[in-house]
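Chains as they are written, first to last, in our numbering: chain C, 54 to 268; chain X, 2 to 264.
Hint data in this document are derived by calculation from the structure and do not stem from the laboratory.
Some hints could be false.
[Claimed, not checked] With beta-carbon atoms standing in for the labels, derived distance ranges:
no., chain 1, residue 1, chain 2, residue 2, range
1, X, G219, C, E69, 45 to 51 Å
2, C, Q172, X, G155, 18 to 24 Å
3, X, E59, C, S70, 39 to 45 Å
4, X, E74, C, T115, 25 to 31 Å
5, X, D249, C, K206, 48 to 54 Å
6, C, E71, X, G219, 30 to 36 Å
7, X, R67, C, R110, 34 to 40 Å
[Said to hold, decoys possible] If you want a taste of the chain C side facing chain X, the calculated C-beta under 8 Å gives, among others:
no., residue
8, D77
9, V91
10, Y105
11, Y108
12, F111
13, S157
14, V168
15, D170
16, R222
17, R225
[To be verified] PhoX-like cross-link-like pairs, simulated, lysine-lysine; straight-line CA separation at most 20 Å:
no., chain 1, residue 1, chain 2, residue 2
18, X, K162, X, K172
19, C, K60, X, K79
20, C, K60, X, K80
21, C, K118, C, K60
22, X, K162, X, K180
23, X, K135, X, K79
Using N, Cα and C, we set each Cβ at its ideal position, and we do this for glycine too.
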Amino acid sequence: MPRKPNKIVVERRLFESEARPHLDALYSAAVRLTRSQVDAEDLVQDTLVRAYRFYDRFEAGTNFKAWLLRIQMNTFVNRYRRATRERQVFEGPMAVPVGEGVMSRATMRALTDPVGDAQRRLIAQEITRAFDELSEEARAMVLLADVEELSYKEIAEVMGCPIGTVMSRLHRARKQLQASLQQHARQLGIIDADDDDTEDPVSLEAFRSRKAVKS
Amino acid sequence: MSCKLVRRHLGAYVDGELDPATQIEFERHLEACSGCQEHLAFERSFRQQTRDSIGGLEAPEHLWRRTLHRLDEIDDAKKQTSLIEIRPMRWRQTGLIAAAAAALLIVGGVVGLPDRTDYQGAGMLQDVVDLHSKALPSDVEAEAPQEVVRYFQGKTPFPVKPAQFEEPSVKFVGARYIKVGTHPAAALYYNHGGRRVTLLVFQSPELVQSAHRTQVAGRELYYHDVGGNVVTIRQHGGVNYAFFGDLDRPVLFQLAANARVAY
Numbered sequence: 054m055p056r057k058p059n060k061i062v063v064e065r066r067l068f069e070s071e072a073r074p075h076l077d078a079l080y081s082a083a084v085r086l087t088r089s090q091v092d093a094e095d096l097v098q099d100t101l102v103r104a105y106r107f108y109d110r111f112e113a114g115t116n117f118k119a120w121l122l123r124i125q126m127n128t129f130v131n132r133y134r135r136a137t138r139e140r141q142v143f144e145g146p147m148a149v150p151v152g153e154g155v156m157s158r159a160t161m162r163a164l165t166d167p168v169g170d171a172q173r174r175l176i177a178q179e180i181t182r183a184f185d186e187l188s189e190e191a192r193a194m195v196l197l198a199d200v201e202e203l204s205y206k207e208i209a210e211v212m213g214c215p216i217g218t219v220m221s222r223l224h225r226a227r228k229q230l231q232a233s234l235q236q237h238a239r240q241l242g243i244i245d246a247d248d249d250d251t252e253d254p255v256s257l258e259a260f261r262s263r264k265a266v267k268s
Numbered sequence: 002m003s004c005k006l007v008r009r010h011l012g013a014y015v016d017g018e019l020d021p022a023t024q025i026e027f028e029r030h031l032e033a034c035s036g037c038q039e040h041l042a043f044e045r046s047f048r049q050q051t052r053d054s055i056g057g058l059e060a061p062e063h064l065w066r067r068t069l070h071r072l073d074e075i076d077d078a079k080k081q082t083s084l085i086e087i088r089p090m091r092w093r094q095t096g097l098i099a100a101a102a103a104a105l106l107i108v109g110g111v112v113g114l115p116d117r118t119d120y121q122g123a124g125m126l127q128d129v130v131d132l133h134s135k136a137l138p139s140d141v142e143a144e145a146p147q148e149v150v151r152y153f154q155g156k157t158p159f160p161v162k163p164a165q166f167e168e169p170s171v172k173f174v175g176a177r178y179i180k181v182g183t184h185p186a187a188a189l190y191y192n193h194g195g196r197r198v199t200l201l202v203f204q205s206p207e208l209v210q211s212a213h214r215t216q217v218a219g220r221e222l223y224y225h226d227v228g229g230n231v232v233t234i235r236q237h238g239g240v241n242y243a244f245f246g247d248l249d250r251p252v253l254f255q256l257a258a259n260a261r262v263a264y
């Protein structure tokens, strides 16, 4: 049924004014998800087209950015995932080990207060690298929680999983990120390699052998 | 509260996701424990550094413009007036599909293969009947017609709207995407006094070529006699509307003739 042109114009203006402020966030997340600027642009465009089509389903008063990110995540999973399969090795047994004491105190101190801009830049680079090595799911978790600052409830809706699952996945993702960062930071000498001040260290070997025993 | 517990859930604490009682316990512990304070400082700082490192990319200038063009296309499609809502997915090429739709009506239960030389047509009719018999579940429940329209966008090469029946006893139940042979189709499910009526919408203009013709309620209907049952086709063009259900033949004829398949 044809709609009244006025209604279309009003809806369109409203959508544009609501969506435009989130363009950078969508693009940012899309680049991190697809690891490609070209794919990211397509993903964002498809996301916004879908959002516009489903605009009347958006519940006024809820988080519009979270809603857009949910559409983007679904679109990504459905359409772009195949292209990024090659990184799945990081989701398997080779994934960075997780442990409570994965970050030593000295590392923690070095990373809490980086000294100087050069150090900061280096750490930022290393965080990006470590992030790119995470699994798709872990990347999504870190993006939604730490970058976009969505609530667990909103993340649960975006990812289509229970809140409890969000908590454990997010915890795991952050620990993976930190562990990977710590390894490289040591190699690069950003942090002290002679770092015995660990509270309860979990070495790679210990973690793997423990895992092996379990399975 | 142990340090281990606090550190394990420090992330949730920083995220403000702990319940208020636990939150207070955490605060109390943190006030007194310098080790955990250090962890907290790190947690906060690392959060910030993560945000600074991987967030904050700016979308290229042309991306928004590109997107607006796509939205224009959707708006154009919304504005277009079309008697029977037949539009190909490339919304601007509306002229490509001729304005005609066929309604296919099958009365009765099991239907044999129709006696036709055109196997593809016969196979298609069989598919239509099978799809009704299987009673597959709906993908989209009876919602506002717009919901159904959206559901089929991108699935079928033509827009789909649930047909409206004159008879108030016919209730729309739900819909799903399906295939008739190789043709993408919309299956729309109705209920008429406790009996299922299925309406299949798909493109196959040749399906009426060897059909009989009749007039019901001033509406031109095509039909195939198929092993004691009947297949009725209401033709408007490239898209077929196919109704069938376990109803008496005159009742279904009436339903099909009076249905608003195009509005």
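Outcome of the hint check:
1. X/G219 / C/E69: 45 to 51 Å: For C/E69 against X/G219, whose Cβ atoms are near 46 Å apart, the range 45 to 51 Å holds.
2. C/Q172 / X/G155: 18 to 24 Å: violated (49 Å)
3. X/E59 / C/S70: 39 to 45 Å: violated (19 Å)
4. X/E74 / C/T115: 25 to 31 Å: holds (28 Å)
5. X/D249 / C/K206: 48 to 54 Å: holds (53 Å)
6. C/E71 / X/G219: 30 to 36 Å: Given about 48 Å between the Cβ atoms, the range is violated.
7. X/R67 / C/R110: 34 to 40 Å: violated (24 Å)
8. D77: holds (5 Å)
9. V91: Where the cut-off is 8 Å and the nearest Cβ of chain X is about 11 Å from C/V91, the hint is violated.
10. Y105: Holds, because the Cβ-Cβ distance from C/Y105 to chain X comes to roughly 5 Å (cut-off 8 Å).
11. Y108: violated (10 Å)
12. F111: Violated: closest Cβ of chain X sits about 13 Å from C/F111, beyond 8 Å.
13. S157: violated (11 Å)
14. V168: C/V168 check fails; min Cβ-Cβ to chain X is 13 Å, beyond 8 Å.
15. D170: Violated, because the Cβ-Cβ distance from C/D170 to chain X comes to roughly 12 Å (cut-off 8 Å).
16. R222: violated (11 Å)
17. R225: Since chain X brings no Cβ nearer than about 10 Å to C/R225, farther than 8 Å, the hint is violated.
18. X/K162 / X/K172: holds (14 Å)
19. C/K60 / X/K79: holds (10 Å)
20. C/K60 / X/K80: Given that 20 Å is the threshold and the Cα spacing comes to 10 Å, the pair holds.
21. C/K118 / C/K60: violated (23 Å)
22. X/K162 / X/K180: The given pair, whose Cα atoms are some 17 Å apart, holds under the 20 Å limit.
23. X/K135 / X/K79: violated (35 Å)
Checked against the numbered hints given earlier, this structure breaks hints 2, 3, 6, 7, 9, 11, 12, 13, 14, 15, 16, 17, 21, 23; the rest are met.
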